[in-house]
Structure formats: structure tokens, C-alpha cells
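Put chain B on the given structure of chain A with help from the hints.
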Amino acid sequence: TQLLEQSPQFLSIQEGENLTVYCNSSSVFSSLQWYRQEPGEGPVLLVTVVTGGEVKKLKRLTFQFGDARKDSSLHITAAQPGDTGLYLCAGATSGSRLTFGEGTQLTVNP
Amino acid sequence: DTEVTQTPKHLVMGMTNKKSLKCEQHMGHRAMYWYKQKAKKPPELMFVYSYEKLSINESVPSRFSPECPNSSLLNLHLHALQPEDSALYLCASSQPGRYYNEQFFGPGTRLTVL
Numbered sequence: 026t027q028l029l030e031q032s033p034q035f036l037s038i039q040e041g042e043n044l045t046v047y048c049n050s051s052s053v054f055s056s057l058q059w060y061r062q063e064p065g066e067g068p069v070l071l072v073t074v075v076t077g078g079e080v081k082k083l084k085r086l087t088f089q090f091g092d093a094r095k096d097s098s099l100h101i102t103a104a105q106p107g108d109t110g111l112y113l114c115a116g117a118t119s120g121s122r123l124t125f126g127e128g129t130q131l132t133v134n135p
Numbered sequence: 011d012t013e014v015t016q017t018p019k020h021l022v023m024g025m026t027n028k029k030s031l032k033c034e035q036h037m038g039h040r041a042m043y044w045y046k047q048k049a050k051k052p053p054e055l056m057f058v059y060s061y062e063k064l065s066i067n068e069s070v071p072s073r074f075s076p077e078c079p080n081s082s083l084l085n086l087h088l089h090a091l092q093p094e095d096s097a098l099y100l101c102a103s104s105q106p107g108r109y110y111n112e113q114f115f116g117p118g119t120r121l122t123v124l
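Protein chains in written order, with this note's numbering: chain A, 26 to 135; chain B, 11 to 124.
The shape of chain A in the complex, shown without the other chains (with noise of 0.2 Å):
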């Protein structure tokens, strides 16, 4: 059974501080995806990182693959209100299934 450890289950910051949240397997993953979800919505797809070593940066947010493909990070700069939700990471082998990780709620304060 793959299993995703996703850190910190909880984080609450003021507006503009910077936070990071991980994502930590003992199995290699062909690509892993980043989802935010908000209260009584979908996940929404932020980015899917397909390369050992890969970071991608989609504005204040930036998102790293592991060398080994079996961890990944996703780092917010000067965080906003509107960053609040659920993030979920998500690893996918061969096969149709996703791992998904147990989330990550954030608040962020005014």
C-alpha cells in the first residue's frame, strides 16, 4: 500500500508570512499533483510535477519534485486571505488510482 505523508495537518499564519507544506513517501511516484479545495467545492488542479528535481512556480506559490520522485513541496510566499483552503497532494503510479495525502487546512489571518 503507497501511503503520502502530508505536513503540517493544521497551519494558521498572519497575512503576508511565507509557510510550506510537504509531501513525504517511501514510494516513487511518476508524477504528483497539488489540489486546493475550498469549503463545499472540488479540488482544484494548482500544478503536476512530472520530473525528479522539477520546481515550478505559478505566482506566489512554488511547487518542488523530489530527485527520487518519492517527495514534493509546495511553498507560499507573503500569504493572503484568499490562499485559505484545503491543499492536497496527490501521487500517481501506472494505473488509474491517486494517493492522496490527508491535507493540509490553511488559514490565513487578515
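Keep in mind that the hints were calculated from the coordinates and are not lab data.
Predicted, not measured: the structure shown is a model, and the values here were computed from it.
Cβ coordinates follow ideal geometry from the N, Cα and C atoms, glycine included.
Part of the chain B face toward chain A, derived, beta carbon under 7 Å: (1) L100; (2) Y110; (3) E112; (4) F115; (5) P117; (6) G118.
Ranges between beta-carbon positions, derived for each pair: (7) B:Q105 - A:R85: 27 to 33 Å; (8) B:M37 - A:G65: 20 to 26 Å; (9) B:P106 - A:Q39: 42 to 48 Å; (10) B:R73 - A:T87: 42 to 48 Å; (11) B:I66 - A:P106: 34 to 40 Å; (12) A:G77 - B:V22: 44 to 50 Å; (13) B:N80 - A:T45: 39 to 45 Å; (14) A:A103 - B:E13: 25 to 31 Å; (15) B:K63 - A:T45: 40 to 46 Å; (16) A:E30 - B:H87: 31 to 37 Å; (17) B:K48 - A:N134: 22 to 28 Å.
Chain B in isolation, oriented as in the chain A frame:
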């Protein structure tokens, strides 16, 4: 158009009712998924259809019955549900055969079973 739509947005049903959830995608994807999600937890896979054929059933109780009428539509028929089945039901789609299995989710149906 990278959108997956789901109807209804909200559904309240009694334990003896029969209802259906609907999902549609126009991205030309040939894999579609049903997930169940409880509050503040990750989605749990229920069913996968690939090229309109059921390829994965994650031991879901028979009171949930999926149907894939064509490549862009996915239904979930509900009958004799229990209160613990109350959850957000999510549909997703992807293009099979790609090694990176990028899934796109719909907005979900919030189901309440009384």
C-alpha cells in the same frame, strides 16, 4: 474547456428514496471517476470507468450503482442509503494512458441522507 460539471449541487434524500447524481465533461477524456469525501479528509475513490467500461470498484456497497452512458457522461444511482453515506460526492476525469494521470474534478454534490 477544462470543466467537469455535476448536478445537483445539493441533494437531501430519505433512506427509502432513489436518486441519481450526474456528471459531464467536455475535455475528451476517456476515464471518469466517482469519489466520496468527508469533511476535511481527502477524497476516497469509489469507481473508475475507462473507455466506458467499469475498471475499478473499490468494494462499494451495492446501494451505489454507477453508470457510464457515453464517454462524456457519468451517473451514480443511489438507493436505500444510510445516514453515514452523507458526504460530498465528486466526479473527476482524466485521459487514460498518460503516465501522469492528471485528474480534473467537478464541484461536487453535497448529499445529505436523513
